[in-house]
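Enquirer: Following the hints, position chain B against chain A.
Residue numbers (my numbering), protein chains in the order written: chain A, 137 to 360; chain B, 137 to 360.
Take these hints with a grain of salt, some might be off.
As the list makes no split between identical chains, a pair holds if one copy fits it or if it spans any two.
Said to hold, decoys possible - Taking lysine-lysine and the DSS-like style, the derived pairs with C-alpha atoms no more than 30 Å apart in a straight line are: (1) K264 / K306; (2) K287 / K263; (3) K263 / K225; (4) K142 / K287; (5) K333 / K306; (6) K263 / K165; (7) K330 / K225; (8) K354 / K324; (9) K350 / K287; (10) K298 / K354.
Worth flagging that the hints you see were computed from the coordinates, not collected in a lab.
Number of protein chains: 2
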Amino acid sequence: MLNDVKHIFKLDPAKEISDEELEELAESKTDLIVVGGTDNVTEDNVLDLLARVRRYSVPLALELSNTHSVIGGFDHYFIPVVFNTTNMKYHNGLLVEALNEYHEIIDYDEVSILPYIILNEDCKAFKKAECYLPDNETLTSLVTMIDQLYKSEYIYIECSGKLISVEQLKSISELVNNSHLIYGGGIKTREEFKERKPYAETLVVGNSIYSDFKHALKTTNEVE
Amino acid sequence: MLNDVKHIFKLDPAKEISDEELEELAESKTDLIVVGGTDNVTEDNVLDLLARVRRYSVPLALELSNTHSVIGGFDHYFIPVVFNTTNMKYHNGLLVEALNEYHEIIDYDEVSILPYIILNEDCKAFKKAECYLPDNETLTSLVTMIDQLYKSEYIYIECSGKLISVEQLKSISELVNNSHLIYGGGIKTREEFKERKPYAETLVVGNSIYSDFKHALKTTNEVE
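Chain A on its own, in the form it takes in the complex (with noise of 0.2 Å):
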């Protein structure tokens, strides 16, 4: 799904976005629009935003945050599996419990798990997560679990709201070797979207929408 995905625009169906530049997103040369957040997300909100997007070409996915807002009508489902928690809950346990509900109306063709790894101490994903914050060991360990033990299709960094350097995600990007590595979190302009191109597979733009518009279109021109 995300093998030519370089850009992603990921859209919280609790915010708000005027029509205008949700028009903007959608004919930018972002590669993705990914709807998904992490509190307040209900079936209103994101049949809102599927109804507003599905207006445009560009293809869009749904990262699924809970179970009561799932939708059909999404060229594919994102389920996040959060690595470094302490808690079975937000590893597998929440995703089984989907699964009990949905495994006979799944089409697996269109879904696929996202190996997270949430490293801002600070975001309510990591709160609510119960995740711990890795030392660099313990953050190559589960790299390298992720991508040359489960040999995961995908694996995520997020740093929802806060920029990680260019060292940092240099040196993830170069214990990886069969995984797609996505980094989110805190890109707000073209200047920072181009320095972390190198090492990531995909880079998504989230926050940035919301706080600074402008800006973070501009990340779109950094897409070939």
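Expert: Relative to chain A, chain B alone:
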């Protein structure tokens, strides 16, 4: 590693076996000998089995029980990752700690993780790994998650000491599309092996080596 492995003898380093019996196992039609146990696995007793089995040409693998009994010289290394545990420690936790210590010297081509679902509440591994017994629906979800979402190379159904019914193994095998299904637990006779053979790529004969050697040995007559 397990592509053409129909039959495994699993030797517990904490249990005694005579040279004569070891020779009969090693020169039987078994495809692989795996060294692995739950309690009292030490560097000494693993090394002892390694040296004694290495006289024969049968392939030999180590299933890691802890970090202080990891020894070079095996053809392959398996790392159990328990999926029906309530505690991250027994899922990825111990593995991450082990990687902190060893990841720089590991040849990942020689190492595979084995996603375990342990279904016998009375066995030592179940208690030690703080497992829960999944109901049928949750078992289906666990198997489906490992097979369709993790797209794991292997899935290991472990009933240690308790024989699974042919019907249950059949219904599990029908859920599996991508992963190589391994079953272990309670197989004591050739007939029990034969009945389950169509429903798992690999069947493991373990405890019965120590309780009823002659019948355990005869299970290899089912290997083509």
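Enquirer: A separate judgement is required for each hint: does it hold in the structure or not?
Expert: Outcome of the hint check:
Taking the closest pair of Cα atoms, K264 and K306 come within 30 Å of each other only inside a single copy of the chain (28 Å); across copies the shortest separation is 39 Å, beyond that limit. Both within a single protomer and between protomers do K287 and K263 lie at most 30 Å apart by alpha-carbon distance, with minima of 27 Å and 29 Å respectively. Both within a single protomer and between protomers do K263 and K225 lie at most 30 Å apart by alpha-carbon distance, with minima of 13 Å and 19 Å respectively. When the C-alpha separation of K142 and K287 is checked against a cutoff of 30 Å, the pair qualifies both within a copy, at 21 Å, and between copies, at 24 Å.
Only within a single protomer do K333 and K306 lie at most 30 Å apart by alpha-carbon distance; the minimum there is 10 Å, versus 48 Å between protomers. For a Cα distance limit of 30 Å, the shortest separation of K263 from K165 qualifies neither inside one copy, at 33 Å, nor across copies, at 54 Å. Taking the shortest Cα distances, K330 and K225 never come within 30 Å of each other, neither inside one copy (36 Å) nor across copies (38 Å). Taking identical chains as interchangeable, the C-alpha atoms of K354 and K324 lie at most 30 Å apart only when both belong to the same chain, with a minimum of 9 Å there against 67 Å between chains.
Taking CA atoms no more than 30 Å apart as the test, K350 paired with K287 passes in neither setting, with 38 Å inside one copy and 40 Å between copies. Taking the shortest alpha-carbon separations for K298 and K354, only the intra-copy value of 19 Å comes in at or below 30 Å, while the best inter-copy value is 62 Å.
In summary, the numbered hints that this structure violates are 6, 7 and 9.
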